[in-house]
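Hey, can you work out the whole structure from these sequences and the hints?
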Amino acid sequence: MTFGDHLSERVEQVPPSGIRRFFELAEEVDDVISLGVGEPDFSAPWAARTAAIDSLERGKTSYTSNRGMRELREAISERVTRYGQEYDPEDEIIVTTGASEAVDLAFRAFVDQGDVVAIPQPSYISYTPGALFAGGEPLPVPTHAEDEFKLTPEALEAAGADEADVLVLCYPNNPTGAVMTDDELADVAEFVREHDLIVLSDEIYADLRYEDDHASIATHPGMRERTIVFNGFSKAYAMTGLRLGYAMGPPEAIDAMNKVHQYAMLSAPTTAQYAALEALRSCDDAVEEMVSEYDRRRRFVLARFEEMGMDCFEAKGAFYVFPEVPDGDDEAFAEGLLEEQNVALVPGSVFGSGGEGHLRVSYATSMKELRVAMNRIEAYVTGT
Amino acid sequence: MDKRSLLDLLRRDARESVDDIARQLGADAEAVAAALDELEADGVVRGYQAVVDWDRVADEHVRAQVEVDVELDRETGYEEIATRIARFPEVATLRLVSGDYDFFIEVEGESMHDVSNFVSERIAPIPEVTKTVTHFVMDSYKEEGIELGDGDDDDRLSVSP
Ligand SMILES: Cc1ncc(COP(=O)(O)O)c(C=O)c1O
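Residue numbers (UniProt numbering), protein chains in the order written: chain A, 1 to 384; chain B, 1 to 161.
Heads up, a few of these hints could be off.
[Stated by the list, open to error] Here are the computed lysine-lysine pairs in the DSS-like style, where the Cα-Cα straight-line distance is at most 25 Å:
1. A:K368 <-> B:K142
2. A:K368 <-> B:K3
3. A:K316 <-> B:K3
4. A:K368 <-> A:K316
5. A:K150 <-> A:K316
[Claimed, not checked] Here are a few chain A residues that sit away from chain B, every Cβ distance over 12 Å (derived from the structure):
6. G4
7. D5
8. Q13
9. S65
10. Y83
11. D147
12. E157
13. D182
14. R226
15. N258
16. V260
17. D311
18. G328
It should be emphasised that the hints constitute simulated quantities derived from the structure, not laboratory data.
Nothing here was measured: the structure is a model prediction, and the numbers come from that model.
Glycine included, every Cβ here is placed at the ideal spot set by N, Cα and C.
Listed below in structure tokens is the structure:
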């Protein structure tokens with residue numbers, strides 16, 4: 001017997017991750033400087049870390065309620081008012097093991113066999129597999145450099161998303177760094193209402209916006225009742241390893257997600273919930289400092305690409321920029337750069353259609369390393 | 001040119017080139033150079049120094065924090081006394097503080113003997129000084145916002161989603 005004969009079709013149909021392949025290539029190179037990392041280079045704010053330690057000292061090692069500690073849900077409810085969102089901590093918020101779990105719960109709770117899940121591309125790599133695991137049919141919706149990788153009703157129309165059941169949104173975006181303003185979201189909201197879709201809005205980079213404030217589609221008329229918002233602590237609070245996120249939506253939706261969550265996960269990690277509570281209570285300054293540091297690096301990287309003549313739209317969110325490859329072959333560029341200059345980054349095609357011909361450059365790396373990395377990219381581009 | 005952003009950046013790393021500063025602030029290099037000149041001319045920026053972990057330097061280097069009590073009279077104020085103390089090159093830092101004593105001094109020298117001699121022969125004899133308490137620095141863990149430990153390795157995966 002071999003398990004190979006027993007793989008479910010749902011799992012088998014999903015190809016291996018392109019990120020994983022690049023990770024393996026990069027691991028073979030010594031002294032690599034990586035601009036391929038999708039998580040902060042900071043550690044979680046010390047106040048949050050000490051809250052986790054304190055909770056362990058006090059013996060807080062049991063499960064929490066399925067939906068997460070009441071106090072934490074209250075703090076989340078209070079926090080998101082700054083994005084114009086209002087959710088009742090009682091029955092409209094669920095705390096999850098990373099936003100990743102929340103996204104998976106939503107696919108399982110809202111996607112039926114054969115349901116069409118529209119996913120704007122290039123996109124964070126988990127949505128398509130997540131939709132497939134749930135039995136859905138992913139529908140790629142290409143977005144374009146000339147639109148600064150924003151989603152437009154025209155792009156939705158062109159992809160046939162009017163027939164879709166679910167639309168996934170992710171702004172600020174991984175991998176492009178694109179953001180959407182309130183007005184731009186209004187157009188998408190209109191399309192969504194008209195064609196009666198539900199929206200899964202991954203807003204995990206909400207706090208990492210450099211030119212304006214975060215806008216959420218859930219705050220548009222008629223959208224709250226058809227939108228699930230995901231957020232979490234991984235990015236803004238540099239807490240990736242603590243695995244804590246949350247989802248917000250109408251009671252019946254959160255109930256359904258909680259049904260899956262209570263059997264699959266029971267509750268999100270307790271220690272991390274204490275850290276998250278403290279993060280919300282006292283770490284605004286720490287976040288602000290990280291955000292200004294990212295912003296300086298963002299400008300630096302954009303300026304350097306401009307100087308070396310590589311086209312790169314002005315990404316305004318997350319910690320990525322998405323320049324164009326001079327001759328269009330992103331995989332060859334990324335592999336050559338790694339081989340010749342020991343700099344790792346991720347070719348855009350890994351993130352789906354619309355990503356090809358681009359590179360995801362993460363600036364979640366110290367200025368010192370960024371400076372060297374950009375010089376090496378310049379040397380590679382100019383062939384010196 | 002937003003001077004506050006420029007100061008924040010210099011406080012993190014004063015060795016950045018004008019060009020790199022300009023790139024990070026989205027400004028042009030001439031504007032940055034001019035703002036720097038102005039900050040220096042106005043006395044906002046008084047200098048640029050290395051943050052040194054003296055434990056890793058082979059040479060003997062001793063530092064002490066000295067608390068100084070003074071008694072003022074009609075003719076002498078804090079300013080006059082401070083000016084007199086500040087002139088000594090051994091004094092690295094001098095501040096007037098609230099609380100149990102008046103001046104906080106940081107003294108640097110090549111040996112404990114040097115430093116205690118300096119305090120007893122130069123500071124204590126000043127007529128207005130009524131008391132000094134010298135604390136030698138035994139170990140330092142953080143200087144100018146920089147932790148002096150071995151630092152944490154970047155143990156993130158080199159490529160991740
Ligand atoms: C867009 C997006 N959503 C979700 C996640 C996962 O977040 P979490 O660590 O909360 O599971 C990531 C992490 O890279 C991300 O980029």
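Going through the hints against the structure:
1. A:K368 <-> B:K142: Roughly 21 Å separates the two Cα atoms, so the pair holds.
2. A:K368 <-> B:K3: holds, 22 Å
3. A:K316 <-> B:K3: holds, 23 Å
4. A:K368 <-> A:K316: holds, 22 Å
5. A:K150 <-> A:K316: holds, 11 Å
6. G4: holds, 26 Å
7. D5: At about 30 Å from chain B, D5 (chain A) clears the 12 Å cut-off, so the statement holds.
8. Q13: Q13 (chain A) is indeed farther than 12 Å from all Cβ atoms of chain B, at 19 Å.
9. S65: holds, 30 Å
10. Y83: For Y83 (chain A), whose nearest Cβ neighbour in chain B is about 24 Å away, the distance exceeds 12 Å, so it holds.
11. D147: At roughly 23 Å from the nearest Cβ of chain B, D147 (chain A) sits farther out than 12 Å, so the non-interface label holds.
12. E157: holds, 29 Å
13. D182: holds, 24 Å
14. R226: Holds, because the least Cβ-Cβ distance between R226 (chain A) and chain B comes to about 27 Å, which exceeds 12 Å.
15. N258: At about 26 Å from chain B, N258 (chain A) clears the 12 Å cut-off, so the statement holds.
16. V260: holds, 22 Å
17. D311: D311 (chain A) is indeed farther than 12 Å from all Cβ atoms of chain B, at 17 Å.
18. G328: The claim holds: G328 (chain A) sits with its nearest Cβ about 22 Å from chain B, beyond 12 Å.
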